[in-house]
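Asker: In order, the protein sequence lines correspond to chains A and B. Each residue of the first sequence is one higher than the last, beginning at 1 in our numbering. Each residue of the second sequence is one higher than the last, beginning at 1001 in our numbering.
If you're looking for bench data, these hints aren't it; they were derived computationally from the structure. As the structure is a computational prediction, the values presented were derived from the model and not from experiment. Honestly, I wouldn't trust all of these hints.
Said to hold, decoys possible - Lysine-lysine pairs mimicking BS3-like chemistry, simulated, CA-CA at most 30 Å apart:
1) A:Lys225 / A:Lys292
2) A:Lys80 / B:Lys1367
3) A:Lys69 / B:Lys1367
4) A:Lys115 / A:Lys69
5) A:Lys69 / A:Lys119
6) A:Lys292 / A:Lys273
Stated by the list, open to error - What follows is a list of derived Cβ distance ranges for each label pair:
7) A:Thr138 / B:Arg1281: 48 to 58 Å
8) B:Phe1234 / A:Gln214: 54 to 64 Å
9) A:Val72 / B:Tyr1319: 41 to 51 Å
10) B:Phe1317 / A:Gln214: 51 to 61 Å
11) A:Pro41 / B:Leu1320: 47 to 57 Å
Said to hold, decoys possible - Example chain B residues on the side facing chain A (calculated, C-beta under 7 Å, incomplete):
12) Gln1015
13) Arg1252
14) Ser1254
15) Gln1284
Ideal Cβ placement from N, Cα and C applies to all residues, glycine included.
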Amino acid sequence: MSSGDIAVAVRGLRRTFGDFVAVDSISLEVKKGEVFGFLGPNGAGKSTTIKMLCGLLLPTSGEGTVGGKDIVRETEEIKKNIGYMSQRFSLYEDLTVGQNIDFFSGIYGVAKGRKNERKEWVLEMAGLQDRRSALTGTLPGGYKQRLALGCAILHEPPVLFLDEPTSGVDPISRRNFWDRIYDMSHAGTTVFVTTHYMDEAEYCDRLALIYRGQIIAGGSSADLKERYMKRQVLEIDAEEPVEALEVISRAGLDGVDAAVFGSSLHVVVADEKVAVPELTRILDAAGIGVRKIETILPSLEDVFVTLIETS
Amino acid sequence: MLSRIRHVVIKEFIQLFRDRRMKAIVFVIPVIQLMVFGYAVTTDVTDISLAVFDLDKSAESRELFRRMESSGYFTVRYFAGSPEETQDLLDRGLVTVALQVNRGFSEAIRKGRPAEVQVLLDGTDSNTAQVAMDYAGRIIRKYGRDLAPQAAEQGQPRVALATRAWYNPELLSRNYNVPGVIAFVIMLTCLLLTSMAIVREREIGTMEQLMVTPIRPLELMLGKTIPFALIGFFDMIMITAAAILKFDIPIRGSFPLLCAATAIYLLSVLGMGLFISTVSRTQQQALMATFLLYIPAVLLSGFMFPINNMPHVIQYFTYLNPLRYFLVIVRGIFLKGNGVDILWPQMAALLLIGLGVMAVSSLRFRKRLG
């Protein structure tokens, strides 16, 4: 891969706060135009990493580039070439939609001739053409989120950082939001997104899982499932899922983890050939009717739970 | 760079004029302070309540009371019938001064002997008592001279005292207070508005958003302080206009000099506001910090209590107080017509403090952002 195809690259990036190691020597590469998912539980080091990439925080050691600019020496240059949107949708609620756009347009130094065009583009993208004079604070969450996205990309940055962009937004708005992200990615923008919604992680081209400051897995969603999921996942459709869970847990089978998943059970097993007859027998003995039992493709959540348990 | 600063300034003004509380700070504070300092807190002593205990009951004693009243400083409220009654009136605070004329007062006057009257004062309010004593003494001495000009001439002292108060001949406290309002209002509004505007951005998270844009800390700092500097000027002009038009206070010095001094003064107060924003996490904290700074600054400015009377340690502190210097400048320009030739030490001190405070605050401001 030539360096011209790389939007974000870091090597041995480390950041400590006193004795606490927030980010522990991570390395990663994000290709241009990619949607890169950065996953991990709260406090794993996601935000610290993003802050270092955006030039808000200097690394304790290690190096990296964003859009070809050095994250230690060229932070001012980086800021001109990135868009950043956080879960707080940091807009001015006491300014109107139009005033927010004009303000950020001015701060990003959007050229005079482009300003109007960009403004209209954002209004259309956010579906706010008719509400440009509305106070931002009065908008529903989904609109605020899209407006915040629009304000973060007024200057058409080649790299976009999204820090848990969809928290607190309804599912339809989330879907809608991801459609916009895809459009931008197709147009060549690199998107670096943190999330803890597993369904959103599935939308990403590639993923990295960070846990306790370290990247413990990386690759595409399919890669991860294949590489890290040595065991199989059975979906059991039983009459009394909660009771069934209890029965299975009490049986204390080796290498078997069960969890309620919607109205059914997901049971991770080492070998389905052994496990299926055994589970059927146990549930029968307990008098719980099993409607269906089958091997399914593990979800990312299954993968991550397994990965975190083994790390 | 200029364009980014301009956009922040515009944004601040839009937010300022949309926020009712902020608008109140800009427009209501000056008006209230003008009312308070222009009308209410006058240290001029007039209309002192007086009790008279007249044992002589003569034309001469009545003439004395009449003179007391017609001076405009005293109002006779009670005629006491006994020394106990006089004491009771003073005890209960119904009168500030009691005047006792003994039997034989008129006879002594007619015979050319020295006549005596007794003046009792409620000294709990030492300032008023002092002034009342002075007024009463003057009226009584004048009466004595009018009654016996020859005697007075004989006893005329060799050195005669002729007092004249310069710059404020009528010694109106309003002339002293109202120009001071400029200093107080600028300080209070700038401290409040600057610190609140910055802390609010931190509270709602827009500060973080701004930090990932190409805006530099210096640009943000200027964008955040210029609007309030303009408001400081606006307040200054408003109060100056009210002082001249409404309170008849002369402005004998140069208005451009007042503007220049205000600009220097703004450096310190905006710097202080900036400093507060770096030590406060919430708007409430900023508000508290503002008053923790403002009240001592006013008390130790020499406005109400002369700095020379303060303990030495405290006096050294006052050298760091920008109000101390600006009050001298404002009064110098308004009442004395002073120019730079006289006010330069104050202006230099103010500039020094301003630059120092600004330097410390902007360093802290940068650090907080980083």
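Asker: What are the numbers of the hints that this structure violates, sorted from low to high?
Answerer: Result: hints 7, 13, 14 and 15 break, sorted rising.
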